[in-house]
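Whole structure, please, built from the sequences with the hints as guidance.
The lines below spell out each chain.
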Amino acid sequence: MAPLPRNTVRDALSVAVTVGAYGVAFGAASVAAGFSVLQTCIFSLFTFTGASQFAAVGVVAAGGGALSAIATAAMLSTRNALYGIQMAPILEVRGVRRFLSAHITIDESTGVALSQKPRGIAAMRVGFWVTGVSVFVFWNAFTLLGALGARAIGNPASWGLDGAVPAVFLGLLWPRLESTYLRVVAATSMVFAMVVTPWLPAGLPIIATALVAVAMGWRER
Amino acid sequence: MSTTTLWIVVLATSVLCLAIKLFGHYVPGRWIANARLQRINALIPIALLSALVIAEGVVTKTHVVIDHRLAGLCVALAALIAKAPFPVVVIAAAATSAAVYHLH
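Protein chains in written order, with the numbering used here: chain G, 451 to 671; chain A, 2 to 105.
Hint data in this document are derived by calculation from the structure and do not stem from the laboratory.
Treat the hints with care, since some could be wrong.
Label pairs and their computed distance ranges (CB to CB) [claimed, not checked]:
1) G:L661 - A:K84: 21 to 27 Å
2) G:G599 - A:N35: 42 to 48 Å
3) A:T4 - G:V645: 31 to 37 Å
4) A:P29 - G:L488: 26 to 32 Å
5) A:N35 - G:K567: 22 to 28 Å
6) A:L38 - G:M644: 26 to 32 Å
7) A:I9 - G:R633: 24 to 30 Å
8) A:N35 - G:L488: 39 to 45 Å
9) A:A36 - G:L488: 39 to 45 Å
10) A:T4 - G:P568: 47 to 53 Å
11) G:T630 - A:K84: 26 to 32 Å
Here are some, though not all, of the chain G residues that point toward chain A, as calculated from beta-carbon distances under 7 Å [unchecked claim]:
12) Q489
13) F496
14) L526
15) T555
16) A617
Glycine included, each C-beta is placed from N, C-alpha and C at the ideal position.
Given below as structure tokens:
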């Protein structure tokens, strides 16, 4: 294997360290929602796609049912399938490596890989693998820390944990609002979620908001 | 939620999310090349994350409730507008939310 391109590795590691902060927040939020430390760690090891993990935990914390939690998390992760379609022809791996590459196909690994395009296909592959593996390590280590921390502190409201969770979702949403239209979609979704809240069982308004995406994405603009 | 239900959520979410990732790597791209599907799929995270901000920030069970969490959310918004790094956004929101909670 050729020596690792240093700039690519630096890009990958800086992304991985930043993502660690989400891991602490996830671990804490999951335990506060009622999941055990073991269950929380299994989320990060096997679901391994941050927004979906936060969503499943968030729906449970909001008093929603198991089906709402699972469906919301799954819908949020469909973008990973599109990332896979983009990444598979670039990575060109088979067997166990293909399976592993699928598991680490997330926002960060795909983002870093695609950003390495000017440096060539070898750099794209290195960017993908180094980002994916290092995010996996940091995400899981910090999840455990957050989960143990939350178990130690007791009442989550007293430490602002219930205020941190919506801030995490806002932080995940923020960088996606790249155009006026996308900001309109976000604002519409928020209003929709608020309006349907009194009429639907807890947790259901979240997944119902997918209707806003369907309605606003139906026609070409 | 019972321990069994929580396990179902953890395991079903993990299996489905992994299956969706594998789907992308093993299925020919043209199967989901439909333009409408792609447009909707691009908007799904924005719609769901927006709903989650509301559900976690201003909703308790099935009621819209204004409390300490909204104070934290406002501070998070200000921090994001000021281009603060992610940990600062979350910690500022948590600190504000906790402070308002204790003032009450």
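Hints and how they fare:
The hinted range of 21 to 27 Å is not satisfied by G:L661 and A:K84, whose Cβ atoms lie roughly 32 Å apart. Between G:G599 and A:N35 the beta carbon distance is about 44 Å. The supplied range of 42 to 48 Å therefore holds. Separation of A:T4 from G:V645 is about 34 Å and conforms to the stated range, judged on CB atoms against 31 to 37 Å. Range check, A:P29 to G:L488: about 38 Å between beta-carbon atoms, so the 26 to 32 Å window is missed.
For A:N35 and G:K567, the Cβ-Cβ distance of about 25 Å falls inside the hinted range of 22 to 28 Å, so the restraint holds. At roughly 28 Å, the beta carbons of A:L38 and G:M644 sit within the given window of 26 to 32 Å. Remark: the range hint 24 to 30 Å for A:I9 to G:R633 is contradicted by a beta-carbon distance near 36 Å. Our hint of 39 to 45 Å for A:N35 and G:L488 holds, since their Cβ atoms are close to 40 Å apart.
In this structure, A:A36 and G:L488 meet the distance hint of 39 to 45 Å, their C-beta atoms being roughly 43 Å apart. For the hinted restraint 47 to 53 Å between A:T4 and G:P568, the CB-CB distance of approximately 51 Å keeps it satisfied. Between G:T630 and A:K84 the C-beta distance comes to about 19 Å, which lies outside the given range of 26 to 32 Å. Of the supplied interface hints, the one on G:Q489 holds, with its beta-carbon coming within about 5 Å of a beta-carbon of chain A, less than 7 Å.
Taking 7 Å as the C-beta cut-off, the interface hint given for G:F496 holds, the closest approach to chain A being about 4 Å. Checking G:L526 against chain A: minimum C-beta separation of about 5 Å stays under 7 Å; hint holds. The restraint placing G:T555 at the interface with chain A holds, with a minimum CB-CB distance near 5 Å, inside the 7 Å limit. Look at G:A617: its Cβ gets to within about 3 Å of chain A, closer than 7 Å, so that hint holds up.
Hint check: violations occur at hints 1, 4, 7, 11; the rest are consistent with the structure.
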